Amino acid sequence: MGRLRFGLALSALMLLLGHASAEDVKLAYVGEISGSIAVSGGNFRDGIILAVEEINAAGGILKQKIALSQLDTQTNPGVARAQMQKAIDGDPYVVLGPIFSGNVKATMPLLQQAEIPHLIGGEAAELTNLGDRYLFRTSFGQQIGMPKISNYIRDELKAKTIALIWVNNDFGKGGRDNLIKQLAARNIKLVADVSTESGQVDFAADVVKLKAANADAVFVYSNEEECARIMREARKQGLKGPFVGDTTLLSQKTIELAGDAANGVRGHVGLTADAPIPAVAEFSTKFQKRFNYKPDHNGIKGYTAVYAIRYVTEKRLGKFDRKAFAQAMHGLTISPKDEPAILMETTWDDVGEIDRISFLAEVVNGQQKIIQVLPKLGK
Amino acid sequence: MRGGRRRLVGIVLALAAAFLLAAPFAFRPYGIFILTMWAVMTIAAIGLNLTLGYAGQVSLAQAAFVGIGAYITACLTTRGWPFWSTYLLGGAACFAIGWLLGHPALRVQHHYLAFVTLAFNTLVYLMFRNEEWLTGGIYGISNVPRPHLAGWSLNGPREFYYFCLAHLALVALAAWWLIRSPWGRAFVALRENPLRALSLGVDTRRYTLMAFALGAGLGGISGVLYAPLVQFVDPTPFALGLSLNLLLMVVVGGSGYFFGPFLGAMVAVLLPEWLRFTEGFYLMGYALLVMVLMVSCPTGLIGLADRLTRRTSRSAADVSVARPGAAVQGEGAR
Amino acid sequence: MADVVQLLVAGLATGAIYALVAIGFTLLWQTSQTINFAQGEFVMLPAFFVLIGMSHFGLSFWPSVALAAVVSVVVLGLLFKRLMVDPVIRHGVLPLVIATIGLAIFFKEVVREFYGADAQPFPPVVAAGDMTVLGIAFAVQSLVVLAISIVAVVALQLFLNGTRTGRCMQASAQNPTVARLLGIPVERMILYTFLINAALVTLASILITPIYLAKFTNGEWLGLYAFIAAIVGGFNQVRGAIVGGLLLGVIDNFAAAYLSSQYRMAIPLLILIVVILFRPQGLLGRIEERTV
Chain A
1 MGRLRFGLAL SALMLLLGHA SAEDVKLAYV GEISGSIAVS GGNFRDGIIL AVEEINAAGG
61 ILKQKIALSQ LDTQTNPGVA RAQMQKAIDG DPYVVLGPIF SGNVKATMPL LQQAEIPHLI
121 GGEAAELTNL GDRYLFRTSF GQQIGMPKIS NYIRDELKAK TIALIWVNND FGKGGRDNLI
181 KQLAARNIKL VADVSTESGQ VDFAADVVKL KAANADAVFV YSNEEECARI MREARKQGLK
241 GPFVGDTTLL SQKTIELAGD AANGVRGHVG LTADAPIPAV AEFSTKFQKR FNYKPDHNGI
301 KGYTAVYAIR YVTEKRLGKF DRKAFAQAMH GLTISPKDEP AILMETTWDD VGEIDRISFL
361 AEVVNGQQKI IQVLPKLGK
Chain B
1 MRGGRRRLVG IVLALAAAFL LAAPFAFRPY GIFILTMWAV MTIAAIGLNL TLGYAGQVSL
61 AQAAFVGIGA YITACLTTRG WPFWSTYLLG GAACFAIGWL LGHPALRVQH HYLAFVTLAF
121 NTLVYLMFRN EEWLTGGIYG ISNVPRPHLA GWSLNGPREF YYFCLAHLAL VALAAWWLIR
181 SPWGRAFVAL RENPLRALSL GVDTRRYTLM AFALGAGLGG ISGVLYAPLV QFVDPTPFAL
241 GLSLNLLLMV VVGGSGYFFG PFLGAMVAVL LPEWLRFTEG FYLMGYALLV MVLMVSCPTG
301 LIGLADRLTR RTSRSAADVS VARPGAAVQG EGAR
Chain C
1 MADVVQLLVA GLATGAIYAL VAIGFTLLWQ TSQTINFAQG EFVMLPAFFV LIGMSHFGLS
61 FWPSVALAAV VSVVVLGLLF KRLMVDPVIR HGVLPLVIAT IGLAIFFKEV VREFYGADAQ
121 PFPPVVAAGD MTVLGIAFAV QSLVVLAISI VAVVALQLFL NGTRTGRCMQ ASAQNPTVAR
181 LLGIPVERMI LYTFLINAAL VTLASILITP IYLAKFTNGE WLGLYAFIAA IVGGFNQVRG
241 AIVGGLLLGV IDNFAAAYLS SQYRMAIPLL ILIVVILFRP QGLLGRIEER TV
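Protein chains in written order, with our numbering: chain A, 1 to 379; chain B, 1 to 334; chain C, 1 to 292.
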C-alpha cells in the first residue's frame with residue numbers, strides 16, 4: 001500500500017508546511033491524531049491537508065500561503081486544552097477541530113476568550129447550544145440528523161418499536177439521547193437499549209439481547225468497525241431487520257468490512273463520500289490518490305472547512321479579520337456556484353449550526369445507493 | 001549525606017527552584033499550562049511514591065483517586081461551593097477510600113495487589129462514565145471555575161501556576177517530614193521485609209493501610225487541582241492509562257527516592273511535548289526513550305544520579321534517600 | 001435455548017483466544033518473573049506482519065503467515081528477551097513492567113503511523129460461513145478457533161510433560177537453582193518459553209484477526225482479559241490459564257447478555273477481585289510460598 005513511504009514523506013512535508021514565514025496565514029488543526037478516534041481525526045486532518053495544498057498551489061488566500069500546524073489532542077481533554085493553548089499562542093487566523101466533543105468543550109472557553117473562530121468536527125447536539133459565537137460546525141449536529149431518520153422510521157418503515165444498539169462514548173450516547181427524544185415524540189417505543197464499548201469486538205451477547213426484544217426495526221449507532229462486526233454477528237445469529245442507522249452504518253468502510261452482511265441496511269446519511277454529486281466523487285478520487293485510502297465523512301468536513309475559510313476571507317471580507325469572519329459566517333450560504341470545492345450548498349445559522357441537503361440511502365450489492373435526497377431544513 | 005554531594009544537591013535544588021519561580025515570565029500561556037500540569041501530576045506521583053516507592057505497595061489505582069478529587073471539585077464548584085471546601089472533601093474522601101482499598105493489600109501483595117488495584121481503577125472509571133446523574137457521565141462537567149484567594153482571582157495562567165506550585169511545595173515538605181519521621185522508617189521496613197518488621201513490633205497492618213490512604217489522599221489533592229486547571233472534567237483521563245502513566249513517573253524518576261516523582265513527572269508530562277516537533281512520531285519517540293531508560297538505568301533517573309555521584313562506599317541506612325530494593329525479588333532470581 | 005448454546009459456543013471461542021494469550025503470559029511469569037504488559041500488542045502485531053507480507057512483498061496468504069511467524073518469533077521472542085527482559089529483570093519486576101508499557105505504546109504507534117489508523121479486513125483461516133446443527137447456527141470460524149486452540153494447548157501440554165526439554169523447562173520454572181545444579185541449561189529453557197509465547201500469540205493473532213479485523217488498538221482489551229484469565233485460572237499453572245480463559249469468555253458473554261450492558265466490563269473485574277482476595281492462587285493454582 002505504500003503507506004510506509006507515504007508516512008515518511010508526509011511527515012517530511014508536514015515539517016516543511018509547519019515552517020511558516022511572516023507572510024503566511026496561519027491555520028491550526030487541533031485534533032485527534034492518536035487515541036481512540038484516530039481514524040476520524042486522521043481523516044479530518046487529511047481533508048484539511050488536501051485543501052491546503054490545493055489552495056497554496058493556486059496562490060493561497062489573498063496572496064498569502066497557508067501555514068498549517070497540526071496538534072494532537074490524544075483524545076484527552078487535558079492534552080487538548082494544552083495543545084489549543086499552544087495553537088492560540090501561535091496566533092492563528094482560524095482553528096480547525098477538534099472532533100471529540102469532550103475536547104471541544106474543554107477548549108471552547110479558550111477560543112471564545114481569544115476571539116478566534118473555530119470550525120469543529122464534533123457532532124454532539126449540545127455544542128451549538130453553549131453560546132459560543134465563534135463556533136461553527138462542519139457537519140450536522142445529531143439533533144438535525146435524528147429527526148430525519150425518525151421520520152423515515154415512522155413513515156416508510158412504519159415501525160412501532162425499535163431495538164437500539166449504540167457505542168458508549170460521546171458520539172454514541174449523544175446520538176442515543178437524541179434518537180430517544182425523537183422517537184418518543186413520534187410515539188415509537190424503544191424496547192431494547194444495548195450499550196457497547198468502543199473498540200468492542202465480540203457482539204454475540206448484544207445480538208442475543210436484540211433478538212429477545214423482537215422489535216420492528218433495529219437501529220445501529222456505532223463507529224464503522226463496530227457497525228461491521230455487529231452486522232456480521234446479527235446475520236450469523238439470524239437477527240431479523242430491517243436495520244437502520246445514521247451515516248456510519250452505511251459508510252463505505254463499514255460495507256467493506258462487513259461484506260454481504262451490510263446488504264439491505266438503510267439509513268440517513270448526512271455527509272458521504274459516495275454522494276451522487278460529481279464534485280464529491282472527484283474529491284474522493286483526489287483524496288484516495290493523495291493518501292492511499294478512501295475518505296470518510298470526516299475527510300469532507302476538513303476539506304470543505306478550509307475552502308469555506310478561503311471563500312469568506314476573499315469574497316466576503318477582503319482582509320484577515322477574525323471577528324468579521326465570525327460575523328460573516330452567521331447566516332452565510334455558500335453554494336458550489338460560488339465555490340466549487342464546497343461540494344454541496346452549505347448554510348450556517350446564527351448559532352453555527354450547519355444546514356445542507358442530506359440523503360436516505362440503502363446498501364445494495366455492496367454499494368451505497370441513494371434512495372432519497374432530503375432537502376435542507378431552511379429553504 | 002557527604003558534604004560534596006550535599007552541596008551538589010543544594011545547588012541543583014536552588015537552580016530548579018529559581019527556574020520554577022521565574023519560568024512564567026519567560027513562557028507563553030501554553031508553556032505555563034504544561035508546567036502547571038507537571039506540578040499537579042507530581043503531587044499525584046508523590047502520593048504513589050509513598051505507597052509504592054517507600055511502603056512497597058503496588059497500586060495501580062492512583063488515577064481513580066485523581067478522578068474522585070477532580071469530580072468532587074467539579075461537581076461542587078460548579079454549584080457554587082467555595083474551593084477550600086472541595087479541597088477538604090476531595091482529600092478526605094480519597095483518604096477514606098484509600099484506607100478501604102488498603103485492606104486487600106493486607107491479604108495479597110505484589111502482582112496480585114497490582115491487579116486488584118487495576119480492577120478497582122477500571123470499576124471507578126465505569127462509574128464515572130455510567131452514572132450520569134452524579135458525574136455528567138460521558139458528557140462531563142464544563143466550565144469548572146478557578147478559585148479565588150481572599151478576593152484575588154486565580155484565573156490567569158500565571159496566578160494559577162503559582163497556586164499549584166505552592167501546593168506542590170507544601171506537599172513536598174509534608175512528604176519530606178513524613179519520610180524522616182518514624183512513619184517513614186516503618187514504611188521502608190514494610191517494603192523491605194514485612195514479616196520481619198512484624199516480628200519487631202511494627203504494626204504492619206496500620207502502616208499498610210496508612211500507606212494507601214496517604215497516597216490516595218495526595219492523589220485526591222492532585223485531582224482537586226486538576227479540575228480548575230483544565231476546567232473540564234470527563235471520565236476519559238481517569239482510566240487505566242493514567243495509573244500506568246503515574247507508575248511510569250514513579251519508576252522512571254526513581255522509585256523510593258524523594259525527588260523521583262519530580263523527575264518522573266517531568267519525563268511523562270514534558271517529554272512528549274518537547275518531542276512534538278516530530279509530528280506523528282512523538283509518542284513513538286517517547287515510548288522508545290522510556291524503554292531505553294528502563295534498560296539502561298532501571299533504578300530510575302535519580303538512581304542513576306545516585307550511582308554517579310557516590311564516589312566512596314555507601315554509608316549505612318540513609319533513610320532520606322532510601323534505596324529502592326527491588327520491590328519484587330524472588331528467591332533465585334538472576 | 002438456541003441462544004444459550006450460541007452464547008456458550010461464542011464464549012468458548014473467545015475464551016480459547018484468551019487462553020492462548022494467557023498461557024504465554026503465565027509461562028513467562030513462571031520461568032522468568034516477567035510481567036509483559038505488552039502481551040495484547042504482541043497479539044495485534046503478527047496480523048500486521050501478515051498483511052505487510054501480502055501487500056508489500058506480494059506473497060499469498062499462507063507464505064505470508066509463515067513469514068510472519070518467523071518474524072514474530074524472532075522479534076517478540078528472541079529480541080524481546082535479549083534486548084529488553086535480560087537487562088532489566090535483574091533489577092526487579094517493576095522496571096520491566098514500565099518497559100513493557102513503553103513497548104506497548106511503541107508498537108501501537110508504529111502500526112498507526114506507518115500502516116494506518118483504520119481497521120483492515122484479514123483473510124480467515126477457514127472461509128467464513130455458518131453451520132446449522134439442530135437448528136442452531138454456529139459460525140464455522142468460532143468452531144475452528146476453538147478446535148485449533150484445543151489442539152495447540154494439548155500439543156503444548158504433551159511437550160511440557162512428555163518430552164525431556166519440556167520437563168527441563170518445568171524444572172527451571174519450579175526451582176532454577178536446583179535445575180542449574182542438575183545441569184539443566186536454565187538460560188536456554190527460559191529462552192524457549194519466550195519463543196513459545198511468541199508462537200502462541202502468533203497463532204492467536206491469525207485466529208482472531210479475521211473476526212476482530214486488524215487494527216492498532218486490538219491489543220488493549222485483549223491484554224487485560226488475558227491477565228484476568230491467567231490470574232483467575234492460576235498464575236502458576238498452564239492448565240489454569242486454559243480454564244481461566246474459557247471460563248472468562250463464557251461468563252463475560254452470559255453476563256453481557258443477561259445483566260447490565262453499561263457495566264459489562266465490571267463482571268470480569270469483580271471476578272478478578274474476588275478470586276485474588278479469596279483464592280489468590282487461582283482456581284487451579286498452587287499456593288505460592290513466601291520466603292521470610
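Hints in this document: simulated from the structure, not taken from any laboratory.
Remember, it's a predicted structure, so these values are computed and weren't measured experimentally.
All C-beta atoms in this analysis are idealised placements derived from N, C-alpha and C, irrespective of residue type, glycine included.
Be careful, since some hints might not be right.
Said to hold, decoys possible - Here are a few chain B residues that sit away from chain C, every Cβ distance over 10 Å (derived from the structure):
hint: 1; residue: G4
hint: 2; residue: R6
hint: 3; residue: G31
hint: 4; residue: L89
hint: 5; residue: T122
hint: 6; residue: P145
hint: 7; residue: P157
hint: 8; residue: L170
hint: 9; residue: V252
hint: 10; residue: S255
hint: 11; residue: Y286
hint: 12; residue: D306
Claimed, not checked - The calculated label-pair distances, taken between Cβ atoms and stated as ranges, are:
hint: 13; chain 1: B; residue 1: P182; chain 2: C; residue 2: F278; range: 44 to 50 Å
hint: 14; chain 1: A; residue 1: E115; chain 2: B; residue 2: A26; range: 49 to 55 Å
hint: 15; chain 1: B; residue 1: W81; chain 2: C; residue 2: I150; range: 31 to 37 Å
hint: 16; chain 1: A; residue 1: Q367; chain 2: C; residue 2: L283; range: 48 to 54 Å
hint: 17; chain 1: C; residue 1: Y258; chain 2: A; residue 2: G259; range: 43 to 49 Å
hint: 18; chain 1: A; residue 1: P276; chain 2: C; residue 2: R82; range: 33 to 39 Å
hint: 19; chain 1: A; residue 1: Q367; chain 2: C; residue 2: Y258; range: 36 to 42 Å
As the list claims (entries may be wrong) - Partial chain C-side listing against chain B, Cβ under 10 Å, derived:
hint: 20; residue: F37
hint: 21; residue: A69
hint: 22; residue: V71
hint: 23; residue: V75
hint: 24; residue: L83
hint: 25; residue: L103
hint: 26; residue: F107
hint: 27; residue: E113
hint: 28; residue: Q157
hint: 29; residue: L160
Quick rundown of the hints versus the structure:
The claim that B/G4 lies off the interface holds: its Cβ sits roughly 27 Å from the closest Cβ of chain C, which is beyond the 10 Å cut-off. For B/R6, the shortest C-beta to C-beta distance to chain C comes to about 27 Å, beyond the 10 Å cut-off, and the non-interface label holds. Annotated as non-interface, B/G31 keeps its C-beta farther than 10 Å from every C-beta of chain C; the closest such distance is 24 Å. At roughly 26 Å from the closest C-beta of chain C, the C-beta of B/L89 stays outside 10 Å, upholding its exclusion from the interface.
A beta-carbon of chain C is positioned within 10 Å of the beta-carbon of B/T122; the least distance is around 6 Å. Here B/P145 stays apart from chain C, with its beta-carbon at least about 30 Å from theirs, past the 10 Å limit. Consistency note on B/P157: stated as away from chain C, and its beta-carbon is indeed over 10 Å from all of that chain's, at 29 Å minimum. The beta carbon of B/L170 sits about 28 Å from the closest Cβ of chain C, which is more than 10 Å, so the claim that it is off the interface holds.
Look at B/V252: its CB is around 6 Å from the nearest CB on chain C, not clear of 10 Å, so calling it non-interface is violated. Some Cβ of chain C comes within 10 Å of the Cβ of B/S255; the nearest lies about 7 Å off, and the non-interface call is violated. With a closest Cβ-Cβ approach of about 7 Å to chain C, B/Y286 is found to fall inside the 10 Å limit, against its non-interface label. In this structure B/D306 is separated from chain C by more than 10 Å, as the shortest Cβ-Cβ distance comes to about 13 Å.
Between B/P182 and C/F278 the CB atoms are about 34 Å apart, so this pair departs from the stated range of 44 to 50 Å. A beta carbon spacing of about 26 Å between A/E115 and B/A26 contradicts the range 49 to 55 Å that was offered as a hint. Distance hint for B/W81 and C/I150: a CB-CB separation of about 59 Å, inconsistent with the stated range 31 to 37 Å. Against the hinted window of 48 to 54 Å, the Cβ-Cβ separation of A/Q367 and C/L283 comes to about 51 Å, which satisfies the hint.
About 30 Å separates the C-beta atoms of C/Y258 and A/G259, a value inconsistent with the hinted range of 43 to 49 Å. The hinted range of 33 to 39 Å is not satisfied by A/P276 and C/R82, whose Cβ atoms lie roughly 57 Å apart. Hint check: A/Q367 to C/Y258, Cβ distance near 38 Å, so the stated range 36 to 42 Å holds. This hint holds: C/F37 has a C-beta 8 Å from the nearest C-beta of chain B, less than the 10 Å allowed.
At its closest, the beta carbon of C/A69 sits 24 Å from a beta carbon of chain B; the interface hint therefore is violated under the 10 Å criterion. Residue-level restraint check for C/V71 is violated (minimum Cβ-Cβ distance to chain B is 19 Å; threshold 10 Å). A least Cβ separation of about 14 Å between C/V75 and chain B goes past the 10 Å threshold, and the interface hint is therefore violated. At its closest, the beta carbon of C/L83 sits 7 Å from a beta carbon of chain B; the interface hint therefore holds under the 10 Å criterion.
The closest approach between the C-beta of C/L103 and any C-beta of chain B is roughly 6 Å, which is under the 10 Å cut-off, so the hint is satisfied. With a least beta-carbon distance of about 8 Å to chain B, the hint placing C/F107 at the interface is held under the 10 Å criterion. A cut of 10 Å between beta carbons decides the hint on C/E113: the least distance to chain B is about 5 Å, and the hint holds. Here the hint on C/Q157 is broken, as its CB sits about 24 Å from the closest CB of chain B, past 10 Å.
A distance limit of 10 Å between C-beta atoms decides the matter here; for C/L160 the minimum to chain B is near 20 Å, and the interface restraint is violated.
Hint compliance for this structure: hints 5, 9, 10, 11, 13, 14, 15, 17, 18, 21, 22, 23, 28 and 29 are not met, and every other hint is.
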